[in-house]
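Participant: So the chains spell out like this:
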Amino acid sequence: MNLEFIELDLDWPFELSLFDLKNYILSKLLEYGEPLRWAITSVTTHSEKKIQLMSIEVVLIINQDKGKGINSELS
Amino acid sequence: MTITDPLPTLLIIPTGIGCNVGGYAGDAIPAARLLASASGCLITHPNVMNGGSLYWPDNCIQYVEGYSLNLFASGEVFLKPVRQQKVGLLLDAGLESDLKKRHLQVADGCVASLGLDIGPVMTTEKAIQINLKKGMSGSSWGNIEEPDVLLRAAEKLKQAGATAIAVVTRFPDESDELETKLYRQGHGVDIIAGVEAVISHFLVKHLLIPCAHAPGLAPLPIDYDLDPRTSGEEIGYTFLQSVLVGLSRAPDLIYKSEIKAKENTLFQVNTLLSNRDLGAVVVPQGALGGEAVLSCIERFIPLIIVSNQGVLNVSSTKMRLDSLSGNRDKNILYAENYIEAAGLITALRHAINVKSLRRPIDCLKQLNDE
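As given, the protein sequences belong to chains E and D, one line each in that order.
Quick note: the first sequence, position 15, residue 15 per this note's numbering, numbers continuous.
Quick note: the second sequence, position 13, residue 13 per this note's numbering, numbers continuous.
Just so you know, the hints here were simulated from the structure itself, not pulled from any lab data.
The reader is advised that the hints may include incorrect statements.
Stated by the list, open to error - If we take Cβ atoms under 10 Å as the criterion, some of the chain D residues that face chain E in the derived model are:
{"no.": "1", "residue": "N70"}
{"no.": "2", "residue": "L151"}
{"no.": "3", "residue": "H187"}
{"no.": "4", "residue": "G194"}
{"no.": "5", "residue": "V198"}
{"no.": "6", "residue": "P228"}
{"no.": "7", "residue": "A287"}
{"no.": "8", "residue": "K318"}
{"no.": "9", "residue": "M319"}
Claimed, not checked - The calculated lysine-lysine pairs, modelled on DSBU-like cross-linking and capped at a C-alpha distance of 30 Å, are:
{"no.": "10", "chain 1": "D", "residue 1": "K256", "chain 2": "D", "residue 2": "K158"}
{"no.": "11", "chain 1": "D", "residue 1": "K365", "chain 2": "D", "residue 2": "K355"}
{"no.": "12", "chain 1": "D", "residue 1": "K158", "chain 2": "D", "residue 2": "K260"}
{"no.": "13", "chain 1": "D", "residue 1": "K80", "chain 2": "D", "residue 2": "K205"}
{"no.": "14", "chain 1": "D", "residue 1": "K133", "chain 2": "D", "residue 2": "K181"}
{"no.": "15", "chain 1": "D", "residue 1": "K101", "chain 2": "D", "residue 2": "K126"}
{"no.": "16", "chain 1": "D", "residue 1": "K256", "chain 2": "E", "residue 2": "K28"}
{"no.": "17", "chain 1": "D", "residue 1": "K133", "chain 2": "D", "residue 2": "K80"}
{"no.": "18", "chain 1": "D", "residue 1": "K318", "chain 2": "E", "residue 2": "K28"}
{"no.": "19", "chain 1": "D", "residue 1": "K134", "chain 2": "E", "residue 2": "K28"}
{"no.": "20", "chain 1": "D", "residue 1": "K100", "chain 2": "D", "residue 2": "K86"}
{"no.": "21", "chain 1": "E", "residue 1": "K50", "chain 2": "D", "residue 2": "K318"}
{"no.": "22", "chain 1": "E", "residue 1": "K28", "chain 2": "D", "residue 2": "K86"}
{"no.": "23", "chain 1": "D", "residue 1": "K133", "chain 2": "E", "residue 2": "K28"}
{"no.": "24", "chain 1": "D", "residue 1": "K365", "chain 2": "D", "residue 2": "K86"}
{"no.": "25", "chain 1": "D", "residue 1": "K86", "chain 2": "D", "residue 2": "K134"}
{"no.": "26", "chain 1": "D", "residue 1": "K181", "chain 2": "D", "residue 2": "K100"}
{"no.": "27", "chain 1": "D", "residue 1": "K80", "chain 2": "D", "residue 2": "K158"}
Claimed, not checked - Beyond 10 Å from chain E on every Cβ pair, some chain D residues (computed):
{"no.": "28", "residue": "R83"}
{"no.": "29", "residue": "A93"}
{"no.": "30", "residue": "K133"}
{"no.": "31", "residue": "D176"}
{"no.": "32", "residue": "L178"}
{"no.": "33", "residue": "H201"}
{"no.": "34", "residue": "L208"}
{"no.": "35", "residue": "D225"}
Small disclaimer: the values here were computed from a predicted structure and weren't measured.
Glycine included, every Cβ here is placed at the ideal spot set by N, Cα and C.
Could you build all of it, start to finish, from the sequences and the hints given here?
Facilitator: As structure tokens, this is what we get:
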């Protein structure tokens with residue numbers, strides 16, 4: 001088992017309610033590993049694209065075999 | 001329930017984001033004591049309560065580590081207040097013998113002078129090796145090289161009877177000197193705090209007992225421009241004492257599934273604290289993107305947003321809280337400081353309409369006028 005710190009950007013579509021945001025983020029983080037500690041660390045708005053962009057900083061638990069697929073550019 | 005009953009309140013000041021109040025060495029303890037007094041029951045985390053050599057035990061404060069706080073806020077875990085925990089002490093093999101001895105002496109002192117129940121003690125089979133990292137946001141983070149080693153030792157402590165674990169790991173002395181200087185003078189982020197939270201999250205996730213971390217560091221040379229908010233970390237050889245005091249009264253963590261499986265469910269639930277009991281959550285403006293805060297928002301728990309500048313700007317506007325409509329926006333309250341937040345909690349606890357306290361005050365509207 002490894003612990004990896006990564007930073008990634010996620011879209012926050014306008015139609016996605018704040019009340020559904022946590023599960024949305026968790027589902028995205030699970031694609032990379034098991035989230036141990038995370039937070040949204042910035043939100044920027046692109047009104048012309050009708051989208052907000054969130055930066056997430058996270059420490060993931062990566063099991064050795066799963067970790068092979070992680071994109072090192074995210075780190 | 002009567003209006004004099006406690007109003008369980010969650011106080012969150014995230015670790016490693018340099019908050020003006022709570023970004024240093026237990027400098028949010030006075031705010032926590034005030035909110036505990038106002039609410040009668042405050043649930044908060046080690047970053048708020050650990051002041052290095054300084055601490056303040058308060059029967060109205062429940063000391064709950066961040067990972068378990070997230071589970072509590074989401075309703076997965078209940079809190080069971082206890083009289084005393086048996087705190088196991090987990091020491092990193094990377095601690096030099098003198099530094100290790102200093103920590104053992106602190107634990108002995110807490111038994112002899114404070115009456116805490118500490119032990120057993122365990123040293124990891126090899127150094128766990130800390131990596132400090134900083135995010136693009138300026139928040140402090142990090143990871144450890146040997147999580148399995150740490151976990152194996154912690155599991156042995158739990159098997160040997162520890163009901164909570166204080167962990168001390170050797171932190172690198174060669175961390176950024178400028179960052180450290182800025183922090184000590186009250187202008188920077190605590191660069192070691194983020195990885196401390198990662199370590200305690202990791203242990204709680206796997207063991208589900210209260211855990212908290214103290215860094216093992218060589219003493220720093222004296223700084224004549226020290227900010228008082230960091231002084232709690234300059235007056236002793238270790239930061240362990242506040243962790244031991246906090247953990248000694250930390251509530252047990254009970255999984256929701258455990259309660260359902262047992263008999264006398266109603267009796268049990270009545271003696272436990274759940275997220276349904278929460279009357280308010282107090283969080284800094286700019287730090288609204290954490291897991292526990294999002295869980296509380298999902299459950300419409302009244303949110304008191306306090307001006308408390310840190311490095312993040314994940315504000316109520318950016319999180320679309322300011323644009324909520326209908327009854328939902330009534331759950332969002334703003335405070336300029338923790339004194340004002342205590343007033344809001346008092347109003348909520350005693351059922352005083354906050355609108356009645358503010359001016360100007362609007363006339364009532366008839367529904368059929370709209």
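Participant: Look at each hint and say if it fits the structure.
Facilitator: Now the hints, each set against the structure:
| no. | hint | verdict |
| --- | --- | --- |
| 1 | N70 | holds (9 Å) |
| 2 | L151 | holds (8 Å) |
| 3 | H187 | violated (20 Å) |
| 4 | G194 | holds (8 Å) |
| 5 | V198 | holds (5 Å) |
| 6 | P228 | violated (28 Å) |
| 7 | A287 | holds (8 Å) |
| 8 | K318 | holds (4 Å) |
| 9 | M319 | holds (6 Å) |
| 10 | D:K256 to D:K158 | holds (21 Å) |
| 11 | D:K365 to D:K355 | holds (14 Å) |
| 12 | D:K158 to D:K260 | holds (24 Å) |
| 13 | D:K80 to D:K205 | holds (17 Å) |
| 14 | D:K133 to D:K181 | holds (17 Å) |
| 15 | D:K101 to D:K126 | holds (17 Å) |
| 16 | D:K256 to E:K28 | holds (25 Å) |
| 17 | D:K133 to D:K80 | violated (35 Å) |
| 18 | D:K318 to E:K28 | holds (20 Å) |
| 19 | D:K134 to E:K28 | holds (22 Å) |
| 20 | D:K100 to D:K86 | holds (20 Å) |
| 21 | E:K50 to D:K318 | holds (14 Å) |
| 22 | E:K28 to D:K86 | violated (38 Å) |
| 23 | D:K133 to E:K28 | holds (22 Å) |
| 24 | D:K365 to D:K86 | violated (58 Å) |
| 25 | D:K86 to D:K134 | violated (34 Å) |
| 26 | D:K181 to D:K100 | holds (25 Å) |
| 27 | D:K80 to D:K158 | holds (18 Å) |
| 28 | R83 | holds (30 Å) |
| 29 | A93 | holds (18 Å) |
| 30 | K133 | violated (5 Å) |
| 31 | D176 | holds (16 Å) |
| 32 | L178 | holds (21 Å) |
| 33 | H201 | violated (5 Å) |
| 34 | L208 | holds (14 Å) |
| 35 | D225 | holds (29 Å) |
Hint compliance for this structure: hints 3, 6, 17, 22, 24, 25, 30, 33 are not met, and every other hint is.
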